[in-house]
Amino acid sequence: MIRFYENRNIYFGISIAIILIGIIALFINGISLDIQFKGGAILKYAYNGEIDLNNVDAIVTNTLAREVSTQITTDLVTQQNNLVLNLAGNEGLSVESQQKLEEALKNEFPDAGFVLSESSIVEPFIGKQFLRRGITAIVLASILIVVYVWIRFKRISGLSAGVMALVALFHDVLAVFITFIVFKIPLDENFIAVALTIIGYSINDTIVIYDRIRENSMLDRKIPIEDLVNKSITQSLTRSINTAIAVFFSIVLVYGFAQYYNIESIKNFALPMTVGVVSGCYSTICLAGPLWVMWQKHKQKSQKAA
Amino acid sequence: MLRRKSTFFIVALIIAGITYVALFGLKFSVGSKTIEIKGSGQMRFGIDIRGGVDAVYEPKDLDRKPTDAELEQARTIIETRLDAQNILDREVTVDKQNARIIVRFPWKSDETEFNPQEAIAELGETARLTFRDPEGNIVVEGKNVKEAHAVYNSQLGENVVQLVFDDEGAQLFSEATGRLVNQQISIYMDENLISAPKVNEQITGGQAVIQGGMDAKEAADLASKINAGALPFSLTTSNHSSISPTLGSGALDVMVKAGIVAFIAVCLFMLFYYRLPGFVACIALLLQTAGQLLALSVPQITVTLPGIAGVILSIGMGVDANVITSERIKEELRSGKTLSAAIRYGYDRAFSSVFDGNITVMIVSAILWFFGSGAMLSFAYSLFTGVVLNFLAGVTASKLMLSSLSQYKFLRNPVLYGGRRAAQ
Chain A
3 MIRFYENRNI YFGISIAIIL IGIIALFING ISLDIQFKGG AILKYAYNGE IDLNNVDAIV
63 TNTLAREVST QITTDLVTQQ NNLVLNLAGN EGLSVESQQK LEEALKNEFP DAGFVLSESS
123 IVEPFIGKQF LRRGITAIVL ASILIVVYVW IRFKRISGLS AGVMALVALF HDVLAVFITF
183 IVFKIPLDEN FIAVALTIIG YSINDTIVIY DRIRENSMLD RKIPIEDLVN KSITQSLTRS
243 INTAIAVFFS IVLVYGFAQY YNIESIKNFA LPMTVGVVSG CYSTICLAGP LWVMWQKHKQ
303 KSQKAA
Chain B
4 MLRRKSTFFI VALIIAGITY VALFGLKFSV GSKTIEIKGS GQMRFGIDIR GGVDAVYEPK
64 DLDRKPTDAE LEQARTIIET RLDAQNILDR EVTVDKQNAR IIVRFPWKSD ETEFNPQEAI
124 AELGETARLT FRDPEGNIVV EGKNVKEAHA VYNSQLGENV VQLVFDDEGA QLFSEATGRL
184 VNQQISIYMD ENLISAPKVN EQITGGQAVI QGGMDAKEAA DLASKINAGA LPFSLTTSNH
244 SSISPTLGSG ALDVMVKAGI VAFIAVCLFM LFYYRLPGFV ACIALLLQTA GQLLALSVPQ
304 ITVTLPGIAG VILSIGMGVD ANVITSERIK EELRSGKTLS AAIRYGYDRA FSSVFDGNIT
364 VMIVSAILWF FGSGAMLSFA YSLFTGVVLN FLAGVTASKL MLSSLSQYKF LRNPVLYGGR
424 RAAQ
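In the order they appear, the protein sequences are chains A and B. First residue of the first sequence: 3, per our numbering; consecutive thereafter. First residue of the second sequence: 4, per our numbering; consecutive thereafter.
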């Protein structure tokens, strides 16, 4: 039996340290919302040969009366050059203006053979609505999880179990968020998808432990509460770790492939997911159980005092 | 019956069949009807994977909120234009609350010369509805149509479209029908022919009826197209994105490759770590994956990157269900139970945790389905179906297979189940 409860301060320390790192990173890197949420316009053109970026700047500013940041990227696999235009401000861009811009670019660089390869143009209010709905979904799902655990785990005083499971979930979403911040990945719909995936994964993980606690509490009614939790977690430990290994390596593989073929969207999605999986496994074993014991012990003490 | 030796082979055979259909699809005829089950090859991918166009249109220069009927007409215009471009795989949705029309369509597989900006701009233009004589001369324009509606005419015994013209329209139409008795008047939206009724007699009252064996839906469609010609505004968009087909297909290839390698790696891990239950788990996972593919490809759900995240999560939970059970069987064996008791208790005791874990995830996915939007819907759908499949594959199918296999004498050695070597 491993003494998870007795070692709780170490685990809490680790988690707090990670959160501190996240806060420091937040001050250094700041939060960057993707234009999916805040609105804006990014255009990506494939082209051949050489172009002068200063010229591009001038053309965009002249045609659209908007500042622009330009960037040239080269696709590692196809060796294709791309011109990325990130228009300043959060407004969208009408198709007519976009066509005008493309014409102006083609006139200036007739040999470059500009082809639009990607455009992403979002009105700020549509982006905000999208963000709001995503967050509403996350919050509602969290509440319902607590209610379900409350009902199903009445035997081990379900409300506290549900709340502690939620603390573990919050920890995991925070870990995912910190990954986005530390690696400077703009928050986009991937963030919502990854956060939801990790919530699903972590709640499943936590419930398996609770199930074991529930079962063991019926087998031995006199067992001290910390021993009950330590025993239950130890019994499920191999399972927790094996599942985490299987999922972790699957996602690492996805990340590896995306890295090799340089597919940004998948990389930005797989990296926070690997962190979330590790955090999900860790928070279940080291946080949810010990925290629940603390709550129960506190309750016993106040009952005795009364 | 469930514990018979042959059960394993029956279940495995069914799984092999489902996997085959999931990969390659199936086409067969029952009598005169051909039934086609679409396999993963015909899966429908979202524009983040396959590339395509996504645009949100709103009325241009309109100082009031458009009515629901007007939005529906605007949608009809867009649908007709997409039809004309032969873009049939598309989603056109009206967001009545915010007075917007959302259009999404992926590239066709053979798309090479296609200008997304032009397409987006053209879809929003004001529709021009014209009535033309056989020589192609315009006789009446859409702006002269007051209204069109589909009704069932009991005298004629069929569905018809009733047209009401304004004064100018009535005059022009009367002249034209007088000249063109027994000829056709063709109705065009932009340059697309939408109907070509024959003139039976001169129509003077400014009210006409188009008949011609339409069913109720065809009549309603035609009426809506004619009304759309009188729509008082055009549509514009400053919220649109496009992803080129080459960029899109790259992401898909990578996901497929990574998925196959990850699946094999997980199976090897299960096989080495859990031996016989691990072997059964691999087959169960195959069922879950195949079922998941079918759940996406048969109803032609649009699969996006978050949708694939949902698939990864639910397969992860499938692995978990198998790991929990295999661990439990091992534990029961080591506590001294006989093999059959260990298998029975293993599944029974593992079930309550698999059940609670999966139901909570089901709740999460249902919430997303109702409150999410866009790409989140795909995530919710694949997660929900994945969890349902998890019960079927990770619990029922794997239990049937393992119980059946354990009937074979040479498979009764506890070592195969992770137990200690013991005399049986």
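You may find that some hints are simply not true.
[As the list claims (entries may be wrong)] Only pairs whose alpha carbons sit at most 25 Å apart, straight line, appear in this in silico SDA-like list of lysine to any residue:
hint	chain 1	residue 1	chain 2	residue 2
1	B	K340	A	D59
2	A	K233	B	A369
3	B	K63	A	S99
4	A	K233	B	F373
5	A	K130	B	A369
6	A	K156	B	I105
7	B	K340	A	S99
8	A	K130	B	D351
9	A	K102	B	I105
What the hints contain is simulated information worked out from the structure, not anything from laboratory work.
Does the alpha-carbon distance linking K233/A and A369/B stay inside the 25 Å limit? 34 Å, violated
Is the Cα-Cα distance between K156/A and I105/B 25 Å or less? Answer violated: K156/A to I105/B is near 46 Å, above 25 Å.
Are K340/B and S99/A close enough, with their CA atoms no more than 25 Å apart? At roughly 75 Å apart (the allowed maximum being 25 Å), S99/A and K340/B break the hint.
Are the Cα atoms of K233/A and F373/B separated by 25 Å or less? Roughly 40 Å separates the two Cα atoms, so the pair is violated.
Are K102/A and I105/B close enough, with their CA atoms no more than 25 Å apart? 24 Å, holds
Taking only the CA atoms, is the gap from K130/A to A369/B under or equal to 25 Å? It holds: about 23 Å lies between the C-alpha atoms, which stays within 25 Å.
Starting from K63/B, check that the Cα of S99/A is at most 25 Å away, please. Satisfied, since the Cα-Cα distance of roughly 15 Å is no more than 25 Å.
Next pair to validate is K340/B with D59/A; report whether the Cα-Cα distance is within 25 Å. 76 Å, violated
25 Å limit on alpha-carbon distance, applied to hinted pair K130/A and D351/B: Between K130/A and D351/B the Cα gap is close to 47 Å, so the pair fails against 25 Å, i.e. violated.
The structure is inconsistent with the numbered hints 1, 2, 4, 6, 7, 8, although it conforms to all the rest.
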